[in-house]
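There are 4 protein chains.
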Amino acid sequence: MYKIGIVGGTGYTGAELLRLLANHPEVEVTHITSRSEDGKPVADIYPSLRGHYDLRFSVPDTDTLAQCDLVFFATPHGVAMDQVPELVDRGVKVVDLGADFRIKDTIEWAKWYGMEHRTPDYAAKAVYGLPEVNREAIKGATLVANPGCYPTATQLGLIPLLEAGIVDPAHLIADAKSGVSGAGRGASVGTLLCEASESFKAYGVAGHRHLPEIKQGLQAVSDKPVGLTFVPHLVPMIRGIHSTMYATLTDTSVDLQALFEERYKDEFFVDVMPAGSLPETRSTKGANFCRIAVYRPQGGDKVVVLSVIDNLVKGASGQAIQNMNIMLGLPENMGLTHLGMMP
Amino acid sequence: MYKIGIVGGTGYTGAELLRLLANHPEVEVTHITSRSEDGKPVADIYPSLRGHYDLRFSVPDTDTLAQCDLVFFATPHGVAMDQVPELVDRGVKVVDLGADFRIKDTIEWAKWYGMEHRTPDYAAKAVYGLPEVNREAIKGATLVANPGCYPTATQLGLIPLLEAGIVDPAHLIADAKSGVSGAGRGASVGTLLCEASESFKAYGVAGHRHLPEIKQGLQAVSDKPVGLTFVPHLVPMIRGIHSTMYATLTDTSVDLQALFEERYKDEFFVDVMPAGSLPETRSTKGANFCRIAVYRPQGGDKVVVLSVIDNLVKGASGQAIQNMNIMLGLPENMGLTHLGMMP
Amino acid sequence: MYKIGIVGGTGYTGAELLRLLANHPEVEVTHITSRSEDGKPVADIYPSLRGHYDLRFSVPDTDTLAQCDLVFFATPHGVAMDQVPELVDRGVKVVDLGADFRIKDTIEWAKWYGMEHRTPDYAAKAVYGLPEVNREAIKGATLVANPGCYPTATQLGLIPLLEAGIVDPAHLIADAKSGVSGAGRGASVGTLLCEASESFKAYGVAGHRHLPEIKQGLQAVSDKPVGLTFVPHLVPMIRGIHSTMYATLTDTSVDLQALFEERYKDEFFVDVMPAGSLPETRSTKGANFCRIAVYRPQGGDKVVVLSVIDNLVKGASGQAIQNMNIMLGLPENMGLTHLGMMP
Amino acid sequence: MYKIGIVGGTGYTGAELLRLLANHPEVEVTHITSRSEDGKPVADIYPSLRGHYDLRFSVPDTDTLAQCDLVFFATPHGVAMDQVPELVDRGVKVVDLGADFRIKDTIEWAKWYGMEHRTPDYAAKAVYGLPEVNREAIKGATLVANPGCYPTATQLGLIPLLEAGIVDPAHLIADAKSGVSGAGRGASVGTLLCEASESFKAYGVAGHRHLPEIKQGLQAVSDKPVGLTFVPHLVPMIRGIHSTMYATLTDTSVDLQALFEERYKDEFFVDVMPAGSLPETRSTKGANFCRIAVYRPQGGDKVVVLSVIDNLVKGASGQAIQNMNIMLGLPENMGLTHLGMMP
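Protein chains in written order, with the numbering used here: chain V, 1 to 343; chain D, 1 to 343; chain H, 1 to 343; chain W, 1 to 343.
Keep in mind that the hints are not guaranteed to be accurate.
Subject to a maximum C-alpha distance of 27 Å in a straight line, what follows is the list of computed DSSO-like cross-link-like pairs (lysine-lysine) [claimed, not checked]:
| id | chain 1 | residue 1 | chain 2 | residue 2 |
| --- | --- | --- | --- | --- |
| 1 | H | K40 | H | K125 |
| 2 | D | K215 | D | K111 |
| 3 | D | K40 | H | K125 |
| 4 | D | K265 | H | K40 |
Honestly, the hints are just simulated from the structure, not real lab data.
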């Protein structure tokens, strides 16, 4: 059994790691940290864990964490950049679910995250953990930057078009919608049930931190400069992301359905649905799948891609475990084969 | 007191007419029809009406309806086109909340609605009831075609840009989201709480009936041909529409905020919010307002417009009453000044 | 126009007062206070108020408030008890929506609210503002203690039985359920959408502050000692209270339906539904009504009463305005005749 | 691998069986029937099953089903009573998730279910599948009647009190609340999102079909006649049951917490929470657990028990698989060890 640590275990992605890892046959969570809940049993925070974990939260300590084979960081940005380097230097594998190592251009990163990047060398050598694009690099990585939720759904939806070079990359649009759990478990007025339910709104229209991450990923597979308008919205539900993407075809002769099916034919976690399908976020609820459908409305020159994931699973903790499996040489879908919960 | 009739009163728009008209000081609902509920008190269907209406449903009868000053049709498409002409010929004012008279090109209409249009002459002379565009024509109209919900939110958002001629009209995108009440009160699996809550999906991507209606309205204010990609989505909430619109600026020197404020400065029901605002659908819940915000992300050449309404009020019954007020020479906002319900 | 002040206007009951008073023909809100939002327009907090109120929040000041004809206190417990006495002494009418003056036994009050009661004389002379029981006293009152939400729904459901003396008062049970807005607008983890939606739980089982208030009200209409088990629950919705009450009949010959209908036949805001009805909280959503149904399952000796209200209206701000109307000599239902919003 | 059949696979309990069995290591679903969907792949109805099941629905056929080791019936009442006997006679094990074989008194059954019971002999020999009470009998059973959802939550909550003989069994009260999935997947107005969300109501107050089932189970562990008032309510959420139970203690010296902990100390699926806990339905979402808390408010003579389950898992399909495991001699929790999904 591999020993696993979790730093920052009280938030939703930490809890989701615990839920998913509870039934993983080859790993065991041996350490979980939280400064605020030091000494408290994890099941006190999440009663759903009662009977499955004896674990207690402890204050993060590098020597203790260094005993793990792999450590997940589920911390706000700015934390991992300080704590991860020493672990990595001591040979511990790390998957960071936060934003610290996702963007190679740390000057750009600093602009969006409002702080200096203190360990740009590690950002430089971190592997961006989107297995459907970077699988080989992940296999040998010590440090993996787990993608954000919007970036996962959006990149998986647009990459086949850009790789094929059949759309104008300068005028891409991603109109994305997320359940409220994307905002985390912190107490705030805006995500109270009475404020966020029975309503719908856009946010971050002027600029959202996932924009540079998505652009970086898209640029990596495009010869020409990528321009992206990205507008996220808040959906009155707990889990799920739906990204609706619009691009203008430069080649209308391509069979889009075949293109997507071919691109993802060997991907266990990406399901290209039959032509005419309407992916629902709930079909992925609790599961590590991404479902995609592609349209060309009225046979015009616009392509519309619909992509859905569970933001806490394929958009965070599930993908982190997928990366862990790859890094540890385990079957990529181990512990992740359970189905979405419908209804 | 003006006498008002409602044909097809058991659905959500019929119920909403009853709710809103209950406190209107100058009109009285004297007739309400339903074939299936003939003889039943309206309060048996909607207990919220108990104590406010003694009215019973009756089978629709033209002679009886002809005694009304104005009749609302809240019927599925295909019904009003047969029943409205005789009423109109007898001088009764009619506001049709359905789709029968919205589209001037009845050949196009037939294509989208799957049936012949049997009274194209009346479609030709009907006035499209978007008061913020057609107020003068509505004043003298006998027959008003009340706009659809998506078309209301979307036209109010895009018209200022098209009227000013500062965007490329050939590549407009409207990514729209609606609460479930837009699907009506009919029993269907897809709109069950267990199917539609805790999920998000697009629908009608290949083509939705509101597309030709929106295009007709946009084309009317544009010199050049309008091209529109319209993708509606289902939001797990009861009421509300949010339309997110994307256009490419052909003139980036215009002050977009000032443009919108100027366009709607005399409109009681359209609220252009301060720059940087994020309109929430719930701010219009139960009320006849449309709230709009306009953005130019990262100062680029894309304009993003956010427009929210309550689909059952400004998107249906409230706008119908607004039209009624105009047609009857009453103050346009009479009976419609109540505020949105937050939370 | 009567001048109205609101102390503590940023919470849900303050916002609801503003929404309801916006269309009241005889009063005008001239002052609204908030220490934290001093100087901010009220519409910045609640965009639904945009265009209806020019009002800004100000720091509470007794001299300013004393210019009002009536002041609502929508403050956490412990605030009104200090600020109200001077206003009352200067002849200003006050309706306190908080808990400070509801319980006559201020020793008991102190036990449940965890602080000394600093102005017990005012608690003694305050009138408990349940109009259906205390209308005459409210007419002449300067200080009215507006009932809590659970106490309103529960007392209206049990009082007819106790007044008639046909149930065992020692073993009453009230199993009550509330929407999340009852917990207020403060940021807290427990009322986040992700924590409170898609779940149901009891709380306050060991003892809830509304218990002594309900018991006091029930005891007032019963000759024998009242015993009550009260268990509140949290419902994943914004508004609404449903109280399900159980009592054992000591006289099974009484026509329960007739008893309730007779008791409330002159009450505009209490709707005794026909036998066999199932009151839904949504039938009162946004409106000041209480709907009640009474059952005797399987003809046994148990009576079951179902009572629903909107916790923010009849359970708080609507009832406060009802009390205001009575205190100012206005028609009791002025400004409160609008209907519940369905759907 | 044991071969498993499912009769009536299109409803929620059928879908949940498929979801849960997909990862069960010792069984394989080989047949699934649906008259209406004959020939259709199961993943067309539930996209969450895509990639996991190649299975297609077929018309039920006894010879085919007889090849299974065990067949689940997930059919409306009245179906299993006709089809099950022949299978059972041919030695096939059956777990009926419907109501046909739950009640021994088939005259009483007929009264509540509105039809004659056509195979009372099989009702007589069926074993009631509540493992925490009937484990030994289930081991040797060929036909198991899987309990209803309310009966599971309520019996597990009250049985310890009745077995210990410390409450008055004649005046029990169960105030129960269920998510909407308990009403099934049939299209009906009452369970539309627009009708059932943002509202709360009781139903079946005059008498609900689960009442005789619960009474039968309680009577089986009580010496004295059991009287029960049972009021179910509809909660605006998909999954979950919360039963709040009230009883009068005849012996107030008992340590209630210890009593419950002792009763369930060997039960994997029943979690008696620490004193003072407030079980949330979501802690069991998607999982086969029942969580229970017990209270004696204000140290009086009333005991309050709170019991939560997922109505589709421990209240239906999960318990059915638990019974299957027992009947097949497999570890009782095989395939059922996954945790509840929070958030």
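So, going through the hints one by one against the coordinates:
1. Distance check on the hinted pair: H:K40 and H:K125 sit about 36 Å apart at the alpha-carbon level, beyond 27 Å; violated.
2. This hinted pair checks out: D:K215 and D:K111 have alpha carbons roughly 15 Å apart, not beyond 27 Å.
3. Between D:K40 and H:K125 the alpha-carbon distance is near 49 Å, which puts this suggested pair outside the 27 Å criterion.
4. Between the alpha carbons of D:K265 and H:K40 the distance comes to roughly 23 Å, so the proposed pair stays at or under 27 Å and holds.
Going down the numbered hints, you'll see the structure goes against 1 and 3, while the others check out.
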